[in-house]
Amino acid sequence: MKKIQKEDIINLSESSNISKQALAKTLEEKVYNDRSAWLLFIRYGFLALGIGFTIAGLIFFFAYNWSSIPKFAKMGIVQGLLIVIFVLSIVLKTPPQIGKILLTACSVLVGVLFAVFGQIYQTGANAFDFFLAWTIFITLWVFITNFAPLSLLYIVLINTTLVLYSQQVAKDWSFLFITGLLFLLNTLISATALALKTKYSLFQRSNWLIYVVSLAATSFGTVAMVHSVIDDFNTYITIQYIVVAGSVLIVAIRYKDIYHLTLVLFSFIIVCSAWFLSFSDGEAMLLFISVFILTAISFLIKGVLHLQKKWKNGE
Amino acid sequence: MENKEYIQKLTEVVEQVSSEKIKFTPSFTPSDRYREKNKRSFTINILSLLGGFLASLAFVLFLFVSGFYKSESSLIIFGLFFISASILIPRYSKRIFYDTTSTCFYLIGFGCLVFSTTSLNIEENIVLSGSIIIALTTILIAHSYLLTFLSTLIIISCSIILIHLNIPNLNIYIILALQGVLLTYIYLQEASILHQYKKAAKIYYPLRSALTVSFLTLPLVYDMLDLAFGYKYYTWASSSVLLLTIAYLLYHTFLKNIMLNKHKAILSTIGSLIFLAPTILYPPISAGILVILLSFRVKYKTGFVVAIIAFIYFISRYYYDLNYTLLTKSVFLLASGLIILLIYLFIKKAFLDNEKV
Chain A
54 MKKIQKEDII NLSESSNISK QALAKTLEEK VYNDRSAWLL FIRYGFLALG IGFTIAGLIF
114 FFAYNWSSIP KFAKMGIVQG LLIVIFVLSI VLKTPPQIGK ILLTACSVLV GVLFAVFGQI
174 YQTGANAFDF FLAWTIFITL WVFITNFAPL SLLYIVLINT TLVLYSQQVA KDWSFLFITG
234 LLFLLNTLIS ATALALKTKY SLFQRSNWLI YVVSLAATSF GTVAMVHSVI DDFNTYITIQ
294 YIVVAGSVLI VAIRYKDIYH LTLVLFSFII VCSAWFLSFS DGEAMLLFIS VFILTAISFL
354 IKGVLHLQKK WKNGE
Chain B
5 MENKEYIQKL TEVVEQVSSE KIKFTPSFTP SDRYREKNKR SFTINILSLL GGFLASLAFV
65 LFLFVSGFYK SESSLIIFGL FFISASILIP RYSKRIFYDT TSTCFYLIGF GCLVFSTTSL
125 NIEENIVLSG SIIIALTTIL IAHSYLLTFL STLIIISCSI ILIHLNIPNL NIYIILALQG
185 VLLTYIYLQE ASILHQYKKA AKIYYPLRSA LTVSFLTLPL VYDMLDLAFG YKYYTWASSS
245 VLLLTIAYLL YHTFLKNIML NKHKAILSTI GSLIFLAPTI LYPPISAGIL VILLSFRVKY
305 KTGFVVAIIA FIYFISRYYY DLNYTLLTKS VFLLASGLII LLIYLFIKKA FLDNEKV
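Read top to bottom, the protein sequences are chains A and B.
The opening residue of the first sequence carries number 54 in this note's numbering; numbering runs sequentially from there.
The opening residue of the second sequence carries number 5 in this note's numbering; numbering runs sequentially from there.
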């Protein structure tokens, strides 16, 4: 039998003869937080506030004294912090999750270390070099930790490095080329993660990571196609988009994946709207596009709900 | 059969807690059955939101390109049409897609009306009062979460602007204090309000969410607009009102939820007030604390998270605006942190270690 639902208690006044006092008492005892929750709140609230204020105070202290700290001390502080946290992540007898969080903190500190190094020595390196070094130096930790937030940081760094490379080194790359490349890169990462889902626990317990990367891939793909359709038509981007979208559709239907199915079809609706806009940007076309989007989304939602029901009943 | 058992269990639970005989109306449908029928995945909800937004955006562009905005009468007609459509749509379909579309229509309708009244140079008091009346009508007729939420925000914003137009030198923290008292009343009187107005649940929850959001964003808006704050004594008076409200809430919580005896509850409340006394200098911090406590009490998770984010922002803002060196600020922060940790250790030893938490 199902648990008593909060909504049923809230609707008691409408659906029963309960008195005001009885309703208040039921809400207090069955819906609101109880004594143990309050005690936990007080415990963790004070702890978080105390630690937060203390750390903020330390950061402000270092910020005040930063310019007068000798350069070796500056490097030493960051390196020391990195080493201490790394050693703690290995030595401390805590749940594995805490060790992974500490290693994630170490990965962030690697970036801080390179930033401090660049600030002290004014090496003249551009942002691309900084992000490339950061990415390379945390690669091993990412693969051995098997921790989704760290993997997300790593994927963000790879994307950032690529974008900065196009802006600071390969300056002849067009906007379409770089968005197409990002589309391909993130699609490959997402597809690899999905393919390895059965083999590696990371992707089994962290669907959100795959969803975020797929969303990024779809966004880049959609932007590239819209740009191609409206401004500067490119056959390769179009073929790439059609092949990838078609493959994702087939795989999503095969494996009953509502998220990726919806993502691809929504992207397709946006690209179609952009295509219509490329013919004319007059008021009639805008009205048509508005009606098209409304109709297409309605049909898409209806179709997806129908599929969802069919797949659920077929289980 | 499962339904009958569920209703029986629900009856037993309520009768046990309230010591009253409960009888459900024949039309009562347990929420699980209702939820199963109307289950939407997160993906479909997001798709509906984005779809509604994009469709409305395209329509706004259509209006813009076709030059409708140049004619005030067209704008008024379209404005009223969109608002009427947005009120009627949720009455005929509960699907989130139509909910989003109706919300976008509502915003477009309001935008058209405000734009046309600005062009016609109608007095601001009349425009604001008219907006409040339209928003109130929407709340009473539409019964849609999103529309009620937006309408409440419109009523609060228009009321505050009206107050400022007619009482220019009013300290904004006085409004904050009054909002704080109103918000506390609404949170604490949930049972009363739900009991008094039979279909109140449809209006109460979006109204409460909107009041919470406006209460926390009011200091933010004033910061962005860089408005004068008036006499500092009014600031202290507003903080005092908020602190007294927090004290009332804490006393109520210590007594009824944490179940201390009256003597301990009073001492704990006084101790909490002394601890929170420094926040008298900056009312938004007390505002953040008040919403954290209220949201946690009623298990309103979204409000709780938003209040924590707002609280962190207000504390950061306060310290950022202080006219002291980084060294002095670091000493204040370190000292505050160490005092809080000492209080934590004291509370842990005196109260929490004996409890099984």
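These are calculated hints, taken from the structure and not from any lab test.
Any given hint could turn out to be false.
Pairs of lysine-lysine residues, derived as DSS-like cross-links and limited to a Cα-Cα distance of at most 30 Å, are as follows [to be verified]:
id, chain 1, residue 1, chain 2, residue 2
1, A, 153, B, 305
2, A, 73, B, 206
3, A, 83, B, 202
4, A, 83, A, 250
5, B, 206, A, 250
6, A, 153, B, 203
7, B, 333, A, 224
8, A, 83, B, 333
9, B, 13, B, 203
10, B, 333, A, 127
11, B, 333, B, 13
12, A, 224, B, 305
13, B, 333, A, 78
Computed list of chain A residues with no C-beta within reach of chain B, every gap over 10 Å [as the list claims (entries may be wrong)]:
id, residue
14, 91
15, 127
16, 214
17, 223
18, 340
19, 357
Glycine is no exception: its CB is placed at the ideal position from the N, C-alpha and C atoms.
Report task. Could you check that no beta carbon of chain B comes within 10 Å of the beta carbon of residue 340/A? Result -> Answer for residue 340/A: violated, closest chain B Cβ roughly 5 Å.
Query raised in the report: Regarding the assertion that residue 223/A does not contact chain B, is the least Cβ-Cβ distance greater than 10 Å?
Result: At about 33 Å from chain B, residue 223/A clears the 10 Å cut-off, so the statement holds.
Query raised in the report: Does residue 333/B pair with residue 78/A here, judged by a C-alpha cut-off of 30 Å?
Result: 46 Å, violated
**Report entry** Agreement of residue 153/A and residue 203/B with the hint, judged by alpha carbon distance not exceeding 30 Å
**Finding:** 49 Å, violated
Requested in this report: Starting from residue 83/A, check that the Cα of residue 250/A is at most 30 Å away, please.
Outcome: Not OK: residue 83/A and residue 250/A at ~40 Å, beyond 30 Å, violated.
Report task. Measure nothing beyond the straight line between the CA atoms of residue 333/B and residue 127/A; if it is 30 Å or shorter, mark the hint as holding. Result -> 21 Å, holds
Report task. Taking the shortest Cβ-to-Cβ distance between residue 214/A and chain B, state whether it exceeds 10 Å. Result -> Holds, since 29 Å exceeds 10 Å.
Report task. Evaluate the condition: distance from the CB of residue 91/A to the nearest CB of chain B exceeds 10 Å. Result -> Non-interface label fails for residue 91/A: nearest chain B Cβ at 5 Å, not farther than 10 Å.
Report task. Take the C-alpha atoms of residue 333/B and residue 224/A, compute the straight-line distance between them, and say whether it is at most 30 Å. Result -> 45 Å, violated
Query raised in the report: Does residue 305/B lie within 30 Å of residue 153/A when you go C-alpha to C-alpha?
Result: The given pair, whose Cα atoms are some 27 Å apart, holds under the 30 Å limit.
Query raised in the report: CA of residue 224/A to CA of residue 305/B, is that 30 Å or under?
Result: Measuring from Cα to Cα gives roughly 48 Å; hence the hint is violated.
Query raised in the report: Keeping to a limit of 30 Å between CA atoms, is the pair of residue 83/A and residue 333/B held or broken?
Result: Since the Cα atoms of residue 83/A and residue 333/B sit roughly 44 Å apart, the hinted pair is violated (cutoff 30 Å).
The structure shown violates the earlier hints numbered 4, 5, 6, 7, 8, 11, 12, 13, 14, 18 and 19.
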